[in-house]
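Engineer: Using the sequences provided together with the hints, build the complete structure.
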Amino acid sequence: MISRKLFATKSLQILAVGVFLLGMIFLIITNNPSFANQKQPVKVDEFISRGTEPFWSVEVTKNGIVYSTPDAKKQTFPYVKPLSASGRTLDTVRVYRMRSRNNNHNVLILKKQDICSDGMSDKEYPYSATFILGNTVLDGCAEKK
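Numbering (the numbering used here), first residue to last: 1 to 145.
List of simulated lysine-lysine pairs, DSS-like, C-alpha gap at most 30 angstroms:
id, residue 1, residue 2
1, Lys74, Lys112
2, Lys81, Lys62
3, Lys123, Lys111
4, Lys62, Lys144
5, Lys144, Lys81
6, Lys81, Lys43
7, Lys62, Lys145
8, Lys145, Lys43
9, Lys73, Lys144
10, Lys43, Lys144
11, Lys111, Lys144
12, Lys123, Lys81
13, Lys74, Lys123
14, Lys62, Lys112
15, Lys111, Lys43
16, Lys43, Lys112
17, Lys145, Lys123
Treat the hints as calculated values from the structure; they're not laboratory data. Everything numeric in this text was worked out from a predicted model, so none of it was measured.
Structural biologist: This is the structure:
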């Protein structure tokens with residue numbers, strides 16, 4: 001009987017030491033600056049924004065933000081993390097601020113709506129979209145891809 005109690009006590013001590021060591025290893029690894037600086041995968045919500053009169057689109061993906069229109073060459077901007085409006089969630093208002101090669105400031109604003117209509121089709125979109133390209137302001141609708 002004594003040997004069973006002794007065996008159980010030793011087993012618990014070994015288990016406690018193992019848990020303690022695992023905890024210490026976890027703390028050392030997670031507090032290591034090189035571990036903390038590793039890039040974590042970023043989740044990117046992808047959107048497509050469209051407008052009519054004139055026709056245009058802006059596609060937001062993890063690979064970049066691409067503005068296109070039938071009348072001009074596509075303009076591609078690096079992906080930037082969106083800002084949210086003060087006091088609003090990111091899903092309510094998203095603001096993407098981009099810079100073009102000629103240093104113009106360009107802005108895409110996506111705002112959650114009950115219904116956004118492009119004015120030409122019967123399709124209803126959940127977001128309104130405003131794209132400011134230099135001095136040109138384009139208005140349209142958007143949806144998640």
